[in-house]
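Student: Given chain A's structure and the hints, the job is docking chains B, C and D onto it.
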Amino acid sequence: MNGALLEVRDLSVVFDGYRALAGVDLTVQPGELRFLIGPNGAGKTTLVDAITGLTRPAGGTVRFEGRDLAGRAEHEIVRLGVGRTFQTSVVFEGLTVVENLDLAASFRRPLWALVRRRRGVSDQVAGALEIIGLAELADRPAGVLSHGQRQWLEIGMLIVQAPRLLLLDEPVAGMSAAERERTGELLTRIAADHTVIVIEHDMEFLRRYASAVTVLHEGRVLVEGPVDQVRDDPRVQEVYLGRPREGAAGGATGGPVAAVTAAAAPPGGGGTE
Amino acid sequence: MTATTPQTPATPATAPRFAAPPPAPPWWARLGGPAAFTAVALLALVAAPLLLEPFRLNLLAKYLCYAIVGLGIGLAWGQGGMLVIGQGVFFGLGGYAMGMYLKLHEAGGDLPDFMVWSGVERLPALWAPFASPAFSLVFAVAGPMALAGLLGTLVFRRRVRGAYFAILTQALAAATVILLVGRQGLTGGTNGLTNFFELFGQDLAADGTQRGLYLVVAVVLGVLYLGARQLLRSRFGRLLIAVRDGEDRVRFLGYDPATVKTLTFAVSAGMAGLAGALFVPVVGIISPALLGVVPSLELVVAVAVGGRFSLAGAILGAVVMGQARTTFSEQFADGWLYLQGALFIVVMTLAPRGLAGLAGTAREMWSSRRARA
Amino acid sequence: MGAVINQLPIGLSIAAVLLLIALGLTFTFGQMGVINMAHGEFIMAGAYTAYLLQDWAGRQAVPVALPVAFVVAGLMGLVLERTLIRRFYGRPLDTLLLTWGVSLLLQQLARDLFGAPNVQVRAPEFLEGGLGVLPYNRLFIMALAAGGVLAIWIYLNRTAQGRRMQAVMQNRQLAAVMGIDTGRVDMRTFFIGSGLAGVAGVALTLVGPVGPALGTYYIVDAFLVVVAGGLGALRGAVAAALALGLLNSYAEFWTDASLAKVVVFAAVIAFLQVRPRGLFVLRSRALT
Amino acid sequence: MRKSAWRIGAAIALISAGITGCGASPAGTAGDAASVAGGADTIKVGLLHSLSGTMAISEVTVRDAEMLAVEEINAAGGVLGKKLVPVVEDGASDWPTFAEKATKLIARDRVATVFGGWTSASRKAMLPVFEKRKALLWYPVQYEGLESSPNIFYTGATTNQQIVPALDYLKEQGKKSVFLVGSDYVFPRTANKIIKAYAAANGMKVLGEEYTPLGHTEYGTLVNKVVQARPDAVFNTLNGDSNVAFFKQLKSAGVTAKDMPVMSVSVAEEEVKGIGVDNIAGHLVAWNYYQTTKNAANDKFVAAFKARYGADRVTSDPMEAGYNAVYLWAEAVKKAGSTDVEAVKKAAGGIALDRPEGQVTIDGDNQHMFKTARIGEVEPDGQIKEVWNSGKPIKPDPYLRTYSWAGGLV
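Heads up: the sequence lines are chains A, B, C and D, in that order.
Residue numbering for the first sequence follows UniProt numbering, starting at 1 and increasing by one per position.
Residue numbering for the second sequence follows UniProt numbering, starting at 1 and increasing by one per position.
Residue numbering for the third sequence follows UniProt numbering, starting at 1 and increasing by one per position.
Residue numbering for the fourth sequence follows UniProt numbering, starting at 1 and increasing by one per position.
Incorrect hints may appear among the rest.
[Unchecked claim] Think about it this way: if two alpha-carbon atoms lie no more than 20 Å apart in a straight line, the pair counts; the simulated EDC-like pairs of lysine to aspartate or glutamate are: (1) D/225 x C/256; (2) D/196 x C/256; (3) D/196 x D/397; (4) D/395 x D/354; (5) D/273 x C/55; (6) D/134 x B/248; (7) D/132 x B/113; (8) D/385 x D/340; (9) D/273 x C/256; (10) D/258 x C/128.
By construction, these hints were calculated from the structure, which means they are not laboratory data.
Bound conformation, chain A alone:
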């Protein structure tokens, strides 16, 4: 296990008595492109949240480059080199595209250095604009971007920060076919020189771009391995095609919302396979 970039050991997360993660182990080596899949409620986003400091784990460890991430604030974890995107993209609508990128790129500057105005566009930002294909929209406010463009901008904001590990949460959810195509290319390009973990529901996308896959189910790792092997695993097939067990898991939170959530959850992308 030595030399692993990310090592998650026996990680558990509890929400009001409901165990969203129940002892997850995950190891990611430098340079890897890892896909995380699983049905609704499997704990994929929770896992990413716990790694990036958004959610405090109830137990277990997360080590990044050998350093324990426990108890560190989100921004400190980012500064160690772990970047992430969100399912629903959150770019700063009040700022322009280039300002969004520039802000992301400046994160290692001391605060006092930020008091000076930005002059021009740094090479790094210009490069990222090129990669994500938003060069001609550089000076438009991010608020006018389409859903797909926002996701790319978010990825761009990650790239300029040069993280050693990228965590992308459903980057193609809600995208058109053409947008998926471009996102896939973007992903391939990024994965060439970054370590990336992608949460994805979309099986088509998965088949095209994934090599290694980890399947989560009910807060545990169900299977891990190359994409074909995972796809043929009977346990995975049971989870995805067999009896829908996520309803029971959701019910454990109790209260009206849980009832609502279980029923209201739209059929996830994972169920399409």
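Tutor: Then chains B, C and D, alone, in the frame of chain A:
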């Protein structure tokens, strides 16, 4: 994932979001207009002192003091999303620093008059440094900044924000007033500090002194405005807006929003403190009634009326509301509360971007019509 | 030691007043994110309701006014919600300023309708006298607060309407997706929250002044209770009101009334260092 | 930037225009205030009270009384053959506003004199304005003393005309111990200092001294402290709405006027209604005037006031003091033959008039009034019955120089 996965970033209770998001491009940050600024500056520095009778000039100086506070509120609230309804506390801290200096100067080595009435026999140690005008002025700015820095650190680091923060600043204002009133021997109680006659050897009642003070206030306001504008156009300003619109997201860019907010809060408190220090010689009194919840809220409302997203709007609002208040109470006193109340409701409902926003909209309509013609 | 025991009922009665006032606020603030600065004026409306009912009910005005004031203040809240606040969902800070404007208007209106001086509401005979240090009117307020908490608990947990209200409180969008008419729920919430303020107003006529400024005396403390208790959490409001009430009474006993207020504020700040979101908080994964 | 800057520019221009527009009225050189005030056949006088805000409740009644006096004087032919024109301004319960409005009345409206103020804070805020501009203020409310500005006439009681007689009365009644309860501001703290000095010299015990913030309404703890201390009497300097809460909570704690009377110095007829007669009946108050005070001048005042403002209105001490102030000033102007501030001040000393409270004489030295102290008891009908008076007007002594026990106070 279950449907509890991250929603769009707005739980109503905590997210400082706006139904009608501000017009995306920060137009004020990109339009350079030294000529226009110079015109306003000339009007304020040359025309006003020449045209206004001393009584009105003195009132304008008072409004400009409020405008300085408004500028700070615009920075913290309009740009940083931190609604402060305890800004009067910082204003008061600056005011008291200046008031203490003037009072000691007036007493000329004796005890200030109110201490004699309150049975204080020796000058409290807290007062001693304020015999120095330099210390008083520095404290007027640094004191509020330090207090805001402390409160900000305590509160923002624990991610208390939005409504909670607003309520805490409100409670701070209420508690400060009670403390000031209760420590009468030290602070002059409800009466506050008053009865000043001289500032740096100048007779405060003289028209010339008041004109000079007006100019000082106007220049300070102008300088602070330029400084604030510069700050907003910098990366820090972009970061501040980012914090306003998505504090948690900023964390994932590797910044600590608590630091950004605390700094901004402290800067805005420093402005309020300076305004308070200038206010005292202009108006001649500082008392707890000036820094409670109500005056603090009135300042915020003035900024809302002027336009919280625009620094110029914040200044405009403070001046307009100050003048409106004076005019109204001269005409019909009872009407002021109705008018003030109604004004907030109308502004918040129909023009959340305030006068500045209305002017912007009007201009856009005009220019688009002209473009069509 | 005698002081500790003596002050206990006084602390509890302060807590009861705080709780009565804060109960409505936890609702409107917790569920709808509305910081209703006009809540104090709904309290005032309740107090004036008792005053007006004296012409008809004489000294029984206070008990008679309880349900009437609930409806009167509730309707005022309803009107406020329908006409103004509904435009402001998702802008809590703006509602603060908006409702402050409303509160100024209502105060001035009260001045014009009832005059600036305080008016008198006579307490019913059966509330004269008391048990030891605890007067009957204090006991009445404590009973009222306890009754209010119980009624709300039953409403929230034992009725379909209450469950819908909880659902909206926990996840508005999802509740809407589920087919809950969130607009109706909001109306109901505001009606109940404001109505509780009216009830509090009637109770306050027993111990305090009845005048146009009535609401302003209680509003800051009430908000502190809500902040310390946590958003929309009934048990949080109860615990926070108890804690602040007791702290207030003991701090005042050992220092003075001015310092007690400062102590309470400092305590709330210190407490938020430990529990930034208040005592009880609904866990949410929403990213803000 | 350009656009926003233009916006401020436009606004400032607009405001400046507005200000200068207003300023175009009777201008002239600022400075010498009064002698020609109001032009040929009228004299302007300023009435400056809080008409809005927390103090409006009290101050409006004084404004009403002063207005009545102005109207009566005008109906009788005015002063020096000129009609008085009242200029009413709102102090808005805000001390800097008082200073601002005082400046306006003096410098812009050029009034001959100003009648105004209620709280000490408002007076302290106005004082430098009147002193600097050599103008004249008539202040109508009892206050804490320790002041004697050459530009202010004080028509309410100073401490030796209210607090000291109240203590004399309590002593006479055999009260050996008192508990001091007050709002946390200047008047109560000063009053209590005097009370403690008096008590020390007269063998009275002060069992406790408690202050509550202005507007405080939670008196459970304080009442508890009072009850435990078991004093013979309570000396109450609470202000405004706090009185309502205090008396209600005192009564519900089972304290009656019989076993523990409360002597109040800020509760007048107007406040009794709000407190509720049930809650305060039997307790004591100390003033110089009550609506029930028996004499011809008062019968006339009460009748005129009710005729002007409604039968349900009551008159009170500060109202009467404000009403007197206008008459006293008018008398001084007649005597001086001019409205010039210095002339009026010189003429004022020694003027004696029969007023509703009895004879009032201006003390030319400290510009306070000789006033008769009266202790009253609240009746079940809400009126106040006089139970004791000082027999003759007491010479004002704002610094208590003639009282040996008060030596260490100032």
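Student: Would you mind confirming whether the straight-line C-alpha gap from residue 395 of chain D to residue 354 of chain D stays at or under 20 Å?
Tutor: holds (16 Å)
Student: Regarding the pair residue 385 of chain D and residue 340 of chain D, is the alpha-carbon distance no greater than 20 Å?
Tutor: Between residue 385 of chain D and residue 340 of chain D the Cα gap is close to 41 Å, so the pair fails against 20 Å, i.e. violated.
Student: Within a Cα-Cα threshold of 20 Å, do residue 196 of chain D and residue 397 of chain D meet the stated pairing?
Tutor: Holds - the C-alpha atoms of residue 397 of chain D and residue 196 of chain D are around 18 Å apart, at most 20 Å.
Student: Please work out if residue 273 of chain D and residue 55 of chain C have their alpha carbons no farther apart than 20 Å.
Tutor: holds (16 Å)
Student: Are the Cα atoms of residue 134 of chain D and residue 248 of chain B separated by 20 Å or less?
Tutor: With a Cα-Cα distance of about 61 Å, the restraint between residue 134 of chain D and residue 248 of chain B is violated, given a limit of 20 Å.
Student: What's the verdict on residue 196 of chain D and residue 256 of chain C, does the C-alpha distance respect the 20 Å limit or exceed it?
Tutor: holds (19 Å)
Student: Taking only the CA atoms, is the gap from residue 225 of chain D to residue 256 of chain C under or equal to 20 Å?
Tutor: holds (11 Å)
Student: Check whether the Cα positions of residue 132 of chain D and residue 113 of chain B lie no farther apart than 20 Å.
Tutor: It holds: about 18 Å lies between the C-alpha atoms, which stays within 20 Å.
Student: Would you check the hint for residue 258 of chain D and residue 128 of chain C, treating anything up to 20 Å between C-alpha atoms as holding?
Tutor: holds (17 Å)
Student: Would the hint linking residue 273 of chain D and residue 256 of chain C be met if the CA-CA limit is 20 Å?
Tutor: violated (29 Å)
Hint compliance for this structure: hints 6, 8, 9 are broken, all remaining hints hold.
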